[in-house]
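S.K.: Taken in order, these protein sequences are the chains called A and B. Sequential numbering of the first sequence, starting at 1, is according to our numbering. Sequential numbering of the second sequence, starting at 1, is according to our numbering.
These are computed hints drawn from the structure, not numbers from a lab. We put the beta carbon where it would ideally sit given N, CA and C, even for glycine. Be careful, since some hints might not be right.
Which residues of chain B face chain A? A few of them, derived with a C-beta cut under 7 Å, are [unchecked claim]:
{"#": "1", "residue": "I132"}
{"#": "2", "residue": "V137"}
{"#": "3", "residue": "I139"}
Listed next, with one range per pair, are the computed distances between beta-carbon atoms [stated by the list, open to error]:
{"#": "4", "chain 1": "A", "residue 1": "P24", "chain 2": "B", "residue 2": "T84", "range": "20 to 26 Å"}
{"#": "5", "chain 1": "B", "residue 1": "A22", "chain 2": "A", "residue 2": "V29", "range": "57 to 63 Å"}
{"#": "6", "chain 1": "B", "residue 1": "T19", "chain 2": "A", "residue 2": "D23", "range": "27 to 33 Å"}
{"#": "7", "chain 1": "A", "residue 1": "G26", "chain 2": "B", "residue 2": "L12", "range": "39 to 45 Å"}
{"#": "8", "chain 1": "B", "residue 1": "Q6", "chain 2": "A", "residue 2": "D25", "range": "42 to 48 Å"}
{"#": "9", "chain 1": "B", "residue 1": "G76", "chain 2": "A", "residue 2": "A30", "range": "29 to 35 Å"}
{"#": "10", "chain 1": "A", "residue 1": "D23", "chain 2": "B", "residue 2": "T29", "range": "41 to 47 Å"}
{"#": "11", "chain 1": "A", "residue 1": "P24", "chain 2": "B", "residue 2": "P18", "range": "35 to 41 Å"}
{"#": "12", "chain 1": "A", "residue 1": "I28", "chain 2": "B", "residue 2": "G56", "range": "43 to 49 Å"}
{"#": "13", "chain 1": "A", "residue 1": "V29", "chain 2": "B", "residue 2": "P18", "range": "50 to 56 Å"}
{"#": "14", "chain 1": "B", "residue 1": "G23", "chain 2": "A", "residue 2": "D23", "range": "58 to 64 Å"}
{"#": "15", "chain 1": "A", "residue 1": "G26", "chain 2": "B", "residue 2": "T55", "range": "24 to 30 Å"}
{"#": "16", "chain 1": "A", "residue 1": "P33", "chain 2": "B", "residue 2": "A125", "range": "44 to 50 Å"}
{"#": "17", "chain 1": "B", "residue 1": "P25", "chain 2": "A", "residue 2": "G26", "range": "29 to 35 Å"}
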Amino acid sequence: MKAYDPPMSDIEAGTPIGWQVIDPDGNIVASGPITELQAVADYGQELYHVEEEESDGGN
Amino acid sequence: MAAIDQTLVSGLLNATTPTGAAGIPGTYTGLGGTAMKVRLNTTLSTPSAAGTELTGTGYTAGGTAVPAASTASSAGSAVTLPATSALNWVNGSGGSWSIVSMDLTSSAGTRAWFGPFTGQPVVVANGNTFQIAVAGVSISLT
Numbered sequence: 001m002k003a004y005d006p007p008m009s010d011i012e013a014g015t016p017i018g019w020q021v022i023d024p025d026g027n028i029v030a031s032g033p034i035t036e037l038q039a040v041a042d043y044g045q046e047l048y049h050v051e052e053e054e055s056d057g058g059n
Numbered sequence: 001m002a003a004i005d006q007t008l009v010s011g012l013l014n015a016t017t018p019t020g021a022a023g024i025p026g027t028y029t030g031l032g033g034t035a036m037k038v039r040l041n042t043t044l045s046t047p048s049a050a051g052t053e054l055t056g057t058g059y060t061a062g063g064t065a066v067p068a069a070s071t072a073s074s075a076g077s078a079v080t081l082p083a084t085s086a087l088n089w090v091n092g093s094g095g096s097w098s099i100v101s102m103d104l105t106s107s108a109g110t111r112a113w114f115g116p117f118t119g120q121p122v123v124v125a126n127g128n129t130f131q132i133a134v135a136g137v138s139i140s141l142t
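If we strip away everything but chain A, and leave its shape as in the complex, we get (with noise of 0.2 Å):
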């Protein structure tokens, strides 16, 4: 089987490339974005809100 090297417009145009699946051919079947492995830190934005809720609440 051919190593596949994928032509640069496909890595250009459009959203980027995160992962793909290709035939045998060298075709590409199907594709999608870039993967985001994110942790999201909220907690500290929660109680802020809290915070503010509660002041509110006393005014």
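Fit chain B to the known structure of chain A by using the hints.
M.R.: Chain B alone, transformed into the frame defined by chain A:
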């Protein structure tokens, strides 16, 4: 939601807080000193456990080692992988693969990061190749 493994959360907290002896920062050495791996799963990973690992000819249990160094994060920027060449898995199992999520682990399998593939499940017919493009995975802390 893509996220961070709970063990790594504790490691980061302990290494940056006075959890060591006499109030010094704690230590975290859980990821070892050899190449990290990308593990593919047929179900979603969670903060506490990896998904069910893919099996079959064309996929090596434990995942595939990342072949090159990623550019280090600077000023809070994301780290992307793989760095210089795509990662490929050729399905020779005789049936279709259904790929849902991935984990980035140490060489020994300790999880660090995980997330679903956008558009999952990704169906890979027998004989086809599943490829993660260069910089196809982005990891950041916000």
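S.K.: Now tell me, hint by hint, if it's right for this structure.
M.R.: Status of the hints after comparison with the structure:
Annotation: I132 (chain B) was flagged as interfacial toward chain A, and the flag holds, the nearest CB pair being 5 Å apart, inside 7 Å. Hint status for V137 (chain B) relative to chain A: holds, with the closest Cβ pair at about 5 Å, below 7 Å. Hint status for I139 (chain B): holds, given a least beta-carbon distance of 5 Å to chain A, under 7 Å. In this structure the supplied range 20 to 26 Å holds for P24 (chain A) paired with T84 (chain B), their Cβ-Cβ distance being about 25 Å.
Between A22 (chain B) and V29 (chain A) the CB atoms are about 59 Å apart, so this pair conforms to the stated range of 57 to 63 Å. Taking 27 to 33 Å as the suggested C-beta distance range, the pair T19 (chain B) and D23 (chain A) does not conform, at roughly 52 Å. Look at G26 (chain A) against L12 (chain B): about 42 Å separates their beta carbons, and that is inside 39 to 45 Å. A hinted range of 42 to 48 Å for the beta carbons of Q6 (chain B) and D25 (chain A) is consistent with their spacing of about 43 Å.
About 33 Å separates the C-beta atoms of G76 (chain B) and A30 (chain A), a value consistent with the hinted range of 29 to 35 Å. Taken as a hint, the range 41 to 47 Å holds for the pair D23 (chain A) and T29 (chain B), whose Cβ atoms sit roughly 43 Å apart. Taking the beta carbon of each, P24 (chain A) and P18 (chain B) are about 57 Å apart, not inside 35 to 41 Å as hinted. For the hinted restraint 43 to 49 Å between I28 (chain A) and G56 (chain B), the CB-CB distance of approximately 22 Å leaves it violated.
With their beta carbons about 53 Å apart, V29 (chain A) and P18 (chain B) fall inside the hinted range of 50 to 56 Å. At roughly 59 Å, the beta carbons of G23 (chain B) and D23 (chain A) sit within the given window of 58 to 64 Å. Look at G26 (chain A) against T55 (chain B): about 26 Å separates their beta carbons, and that is inside 24 to 30 Å. Judged by the Cβ atoms, the range 44 to 50 Å given for P33 (chain A) and A125 (chain B) is violated: they are separated by roughly 21 Å.
In this structure the supplied range 29 to 35 Å is violated for P25 (chain B) paired with G26 (chain A), their Cβ-Cβ distance being about 51 Å.
Violated hints for the displayed structure, listed by number in ascending order: 6, 11, 12, 16, 17.
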